[in-house]
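First to last, the sequence lines map onto chains A and B. Residue numbering for the first sequence follows our numbering, starting at 1 and increasing by one per position. Residue numbering for the second sequence follows our numbering, starting at 1001 and increasing by one per position.
Quick caveat, the hints were computed from the structure, so don't treat them as lab data. Mixed in with the good hints, there may be bad ones.
Claimed, not checked - Ranges between beta-carbon positions, derived for each pair:
hint	chain 1	residue 1	chain 2	residue 2	range
1	A	89	B	1011	14 to 22 Å
2	B	1014	A	240	26 to 34 Å
3	A	45	B	1139	21 to 29 Å
4	A	61	B	1063	51 to 59 Å
5	A	4	B	1076	40 to 48 Å
6	B	1164	A	6	18 to 26 Å
7	B	1271	A	30	50 to 58 Å
8	A	201	B	1271	40 to 48 Å
Source: prediction; values computed, not measured. A virtual CB, placed ideally from N, CA and C, is assigned to each residue, including glycine.
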Amino acid sequence: MRRIIKNRAIYLMILPGFLYFLIFKYIPMSGLIIAFQDYQAYLGVTGSPWVGLKHFERLFTEPMFFTILGNTLLLFFLNLAFYFPVPIILALMLNEVRREVFKRFIQTLVYIPHFMSWVIIVSISFVMLSMDRGIINELLVMAGFEKINFLMSSEWFRPMYVLQIIWREAGWGTIIYLAAMAAIDPGLYEASRIDGASRFRQMWHITLPSIRSVIVVLLILKIGDVLELGFEHIYLLLNSMNRDVAEIFDTYVYTAGLKQGQFSFSTAVGFFKSLIGLILVMLANWLAKKAGEEGIY
Amino acid sequence: MVQDKTISSRIFDIVNYTLLLIIGLVTILPFLHVIAGSFTTVTELAQKQFVLFPTVWSLDAYKYVFSTNTVFRSLGVSVGVTFLGTLFSMLLTCLMAYGLSRKDLDGRNFIMFMVLFTMLFSGGMIPTFLVVKEMGLIDTYAALIVPTAINAFNLIIMRNFFQNLPEGLEESAKIDGAGDWGILFRIVIPLSMPAIATISLFYAVTYWNTYMSAILYLNDAAKWPVQVILRQIVILASGLAADTSGMDEFVRPPEQTVKMAVIVIATLPILCVYPFLQKHFAKGALLGSIKG
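All chains should be built: construct the whole structure from the sequences, respecting the hints.
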């Protein structure tokens, strides 16, 4: 007790931040109970009638649910298969560069897109891919092909989504791998060189195994984000022509909840999503520990 | 490291450097294309398609963009929100981070866990929206700042930085009669300027890029920040989005050069701070990756 009084100034410093987390993070968590109610704005959380699992039942019987679940999982899988290895490869390449100036020059270039908002990234893509004077389509025509309506098609949505993520995040993603590589004992490389290992073999047998634990941690974090595919990014790309492949849980929550006012139902959708995400992180973490890695907690 | 001069190693280097150069260029060319395109005329853009150095320089696109009020107003909103938001976020983050950096504090681990847990689980969009609404923040500029005031990641970076300052400093200040507030503002903060600069820039970039808070919490188009306007002009004007509300100005689809000019305007501040940002962020990002 005396320690608390002694530290009252410190508690006062923490208070605003503590209130922030309480109000904007923990009250919304408790607000998840409206998923079990028929929430009416004028009755509030305390007055709205309880309906048990009605909204979850509706969720699992809605045909749209399986489309959304499928889209979410597929986009996640594509993200994992095509984006995840890119920063590792890029970091391996950068790590082999001995000229500091060149290395820094490339890093400067590839980090830039990370600081641009999704609106900017998607806007640039739109300007480049549009049917009307978009440079990519103009180049296609010059090369003797037909124009492609990239922005309004189901087939092109997924590649476009993955490429935009690679474009924006691949460079930034190298930072953590490069740091891990910088910590590798140079003696290992020297020894392997004396044994006659080529640069490729050094990468394969020394660099990669040395960053294994970092890769595992990032993989766990990524799996935890399974259902966090980026509301902003997909919302910006979404249109009536690609809805069948682009609609994910977040965009669906936004449309059903805020646009159509189905608060309780869309909260149930969001709850389902958050819960699956949490379970997946724990599962991935447990698996990592089983595999002899440290995990994230 | 000893250089390895075998032929295969040389070939490896040549291939590696060439590939990296191509990757670097591919990353940056779209931006250069847009910047150059915004400074040229519609005709030149139509003839050449890809312009890196316009032969005909023209400010027509910018003149057109600023002929209406929309972009100006939204720039004002973004500048204001970025400035005030960064100040507010830094104040809250520094106070809390410093408090949590004190090892003698009871309940410290509990609060840290509380912060970390928000990175794993959240109430989601609708319950958060209802809280923001209950607080009366809908259609206020505060809705762009307050609900996202502290970033848990940035908080942890700051806390780690404060924790690594030598303990002796605080003790000697205490002996000299300084209180906790005095120690924070006169000693800890002045010593932490590199970290503060980094995190401020992170916050500033986030506020400048604010988009989602605006579409969730602001119905009033006059209050929209520049990112939302950018979406109106480039993405909605392409006639592609399902939702075309708020398309009062720019009814006719704007020319490519105009779209490019708006992209440049929305990106410009980041291009300006990027050189300063770059000095620090690698370190910041690494600090943040060491959790706990």
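Each hint tested on the structure:
no.: 1; hint: 89/A / 1011/B: 14 to 22 Å; in the structure: holds (18 Å)
no.: 2; hint: 1014/B / 240/A: 26 to 34 Å; in the structure: violated (49 Å)
no.: 3; hint: 45/A / 1139/B: 21 to 29 Å; in the structure: holds (22 Å)
no.: 4; hint: 61/A / 1063/B: 51 to 59 Å; in the structure: holds (56 Å)
no.: 5; hint: 4/A / 1076/B: 40 to 48 Å; in the structure: holds (46 Å)
no.: 6; hint: 1164/B / 6/A: 18 to 26 Å; in the structure: holds (24 Å)
no.: 7; hint: 1271/B / 30/A: 50 to 58 Å; in the structure: violated (42 Å)
no.: 8; hint: 201/A / 1271/B: 40 to 48 Å; in the structure: holds (41 Å)
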